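Novice: Keeping their order, the protein sequence lines are chains A and B. Going by our numbering, the first sequence opens with residue 1452, and the numbers climb by one from there. Going by our numbering, the second sequence opens with residue 3, and the numbers climb by one from there.
Simulated from the structure, these hints should not be mistaken for lab results.
Among the chain A residues that face chain B by a calculated CB cut under 10 Å, a handful are: (1) Val-1475; (2) Arg-1479; (3) Arg-1483; (4) Gln-1500; (5) Tyr-1507; (6) Ala-1572; (7) Lys-1620.
Note that the coordinates shown come from a computational prediction; the quantities given were computed from them, not determined experimentally. C-beta atoms are modelled at their ideal positions from N, C-alpha and C, and glycine is treated no differently.
Here are the chains, one letter per residue:
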Amino acid sequence: MSIGAVGTAGKLDELDRDFEARLVECSRLAFRIAYSVVRHRQDAEDVAQEAFAKAYRHFRQLRDRDRFRAWLVRTTWRAALDRQRSNRRRAAHEQAVEEPPETPVNESVEARERASRLWTAIDALPEKFRVAIVLANIEGHDLAEVAALLGIPVGTVKSRLFFARQRLKELLQ
Amino acid sequence: MTFRQAHGRPERSRGVTIDQELQAALDVDPSPEFLARVRTRIANEPAPSRWTFRSGSPWMWLASGAAVAAVAIVAVLVSRPNSHRNVSGAGALTARVISPTAQMPREVLLDPARGGSKDPPYTRTAVAEPFRAADDGAEIVVDRREAIALRALLAGSLLPAEEALVVTPATPMEIEPIAIAPLEIGGEGVRQ
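In isolation and in its complexed conformation, chain B is listed as follows (with noise of 0.2 Å):
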């Protein structure tokens, strides 16, 4: 059923006149050359694309470019050899420790005469060790002399024992009196 049967009704002659005015107004066609245009027009233009989203769109460049670049991430983590990863694994969140000696010349370290000894102070070491400042024994070079005199400081007297001053008691001192001549003042008003 078209529209002008459904709506041709008798009471609205005057609609039904602009509806066939408009009807016979819209009564044109296009020219035979229409199709043929129209057809050439579309073998010129690119064909439909296969994809939900069109090639060229800058989505589908962006997750091209993401999934190449995880595929890299992924391919470089898989290649690594296993050293690799296992020292990185370990350093990653344990501090390497280093004694103060570190950066002592070793021969003042290895030096009997300077308190150093022969065995090494420290060795430098790739394995990481959890920090332990209470009872590592951090060693503290310092000269023997140094360290004796520090001692006998502590000990109340910088000399050894058998070499500490003995102390006698202090004999009282004479003190004599004073003797002060008297003044000698001549008479008053004279000019001396």
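One chain only, chain A, in its complex shape (with noise of 0.2 Å):
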């Protein structure tokens, strides 16, 4: 289904058809990022869904590529962190948010102490250093694109993810 079979006739034009291409390549990119931070997949999708709805409105200041990725990172970002505190403040999502992350149900109570155990360690790192080791374990990024997701050089890029490391390493024993 594209955005012309949903909306309007006049708004089938290439605008729509570029963004439509951007979505349909990063959708997943922006929903992991959100799952990376709120850990609940109805809420990433959420998030996701307004970061994307965001870009909309902005996509003629975006459609440049990898500017966009780049905004989409930073905007899905902020959001699911916005969205884990307000999850954390109301008293009735409270219980959910101190859940484990979803695991398959096959999974064994060992691994699932592993992976929550992991998620409380990542949590406890600074945001700079969080959000670095995530990208650069999702989507096969490499150096330079993380680089260029968080404008900022390569070589910061790798003591972020050297001092994320350790910090976890610390943190998991």
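Using the hints, put the two standalone chains together into the complex.
Specialist: Here you go:
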């Protein structure tokens, strides 16, 4: 289903076709970034959807592919952090947030416990280390791609990943 | 080259394990309905703006209002008649001079018996003249009799020359001696 099929006929122009291509290309990236923060599938989809809606409103300035991906990463990350904070504030959702991340049903208790410890350790990282190591472990990003997404030099990405791993080792031991 | 290929060195077995665990934890895909939901949501969004700044922005409205006001001012200035522009241009910086007689009644000014003149002492004109305090001979209307009296006073006399008093030398006065009768005083201690 295309955007033009859902929207009015006037919307089906080059701009919409470009956005459709970006949406197909980056939907999983946005979802995984949101999931790495909120750790809840439905919440992650809501966050990613909001980020794409915002991107559509600013799409004229974001038509460049690399710029769109970097902007989407930052926007999704911030939106996910906001959702995480609001979830923690709401008493009704507090129980769900404190639950361990969703894992396959057939996964062992030991694996669940290990995943829970990993997420706890990642949450304890400073934000700049946290986003770097998350981006480095999704979508097969290399150092240059992580640097481009974060708008920082490759050397900075290397050092942040090094300190993030060191800190995770300490926390998991 | 992926991040794992670039950094999967054997000496970092624990680091690789952490990366592998993280990759496994993040290997989650959205639901099949996710893309459809996003498309539906975007279909309800307004179209992307065609301008650099968003429609509805306060700056856009301010700029539009300023442009309309500027066009209106220019249109008003251009459509004004030429005469209005001349008057306003000439009188902008020079003051209009009105003689002091301007506040007197016209019949007084025209009555010769009152020292007036048949010529109109002043004319109201829209053409402004520069102020000349020294040589414009500002007309002061004074009654003729008052003028004669003032001139006589200034000449040293209140009367005309033919009516002036003849001053004659005064005759010396004869002063008679005053006779004072001597006091008559009775005996000392006698009550009078």
